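Using the sequences plus the hints, can you model the full thing?
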Amino acid sequence: MSAIYRLKTVSLPADAFGKPFLDPPDVVDIDNVTLYEFTLNQDKVTFKFPVPSDYKDGDFTFFVVWTNDGNANDNGKDVKWRLDYQTAIMGDPINGSHLNSPKEINDTYTSDTGWIEHHTGIMTIAAADFAGKLCIYIKLSAITPDGEEITCKPHLIGICFTYNLTINEV
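Each residue of the sequence shown is one higher than the one before, starting from 1 at the first, in full-length UniProt numbering.
Honestly, I wouldn't trust all of these hints.
Stated by the list, open to error - Label pairs and their calculated CB-CB ranges:
#, residue 1, residue 2, range
1, Ala126, Pro20, 23 to 31 Å
2, Asn71, Leu134, 41 to 49 Å
3, Thr166, Asp29, 37 to 45 Å
4, Gly76, Gly132, 39 to 47 Å
5, Ile143, Ile167, 33 to 41 Å
Unchecked claim - Straight-line alpha carbon distances no greater than 25 Å define the calculated BS3-like cross-link-like pairs of lysine-lysine that follow:
#, residue 1, residue 2
6, Lys77, Lys103
7, Lys8, Lys103
8, Lys80, Lys19
9, Lys77, Lys8
10, Lys48, Lys103
11, Lys103, Lys56
12, Lys80, Lys153
13, Lys133, Lys56
14, Lys77, Lys139
15, Lys19, Lys139
16, Lys133, Lys77
17, Lys8, Lys139
18, Lys133, Lys103
19, Lys19, Lys153
20, Lys48, Lys133
21, Lys19, Lys103
22, Lys139, Lys103
23, Lys48, Lys8
Everything labelled a hint here was simulated from the structure, so no lab data went into it.
Small disclaimer: the values here were computed from a predicted structure and weren't measured.
No residue lacks a Cβ here, since even glycine has one placed at the ideal position from N, Cα and C.
As structure tokens, then:
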């Protein structure tokens, strides 16, 4: 029996994430979208990410969808996003972070216009990190970038993740 599978990409909007009681980002509504405005090295969002039932094998890859506040020319300036995670199945501790956590990606805003949708590079959680687990607990924050930081606060639009899924078995 052989399986047919392909990549699946799922988008999670900012407002799908849980805002913790301590250090939550501010909510900003812009026309048709809700954004989370992050203070660097302070604000965070969390998410309980169940391993999808149609997951076949391989790594999970994540990228952050973000923008600036629309009032500044941030062309060429940077933001760094940090993804901390822990994996668990019943009976496992959910506190702390996985040995291979965090994942970080430095990203440069590439427009002199505000409110432009921007995608970071990929952050990967290796399949071995969540093998046999049911959930990945995620914490996302914006931290001091490697280069010159954007003038305003970074705004989270959402996160996209990709994985291999089984279509059917033949």
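Identify every previously stated hint that the structure contradicts and give their numbers, smallest first. Hints 9 and 16 are the ones this structure does not satisfy, whereas the remaining hints hold.
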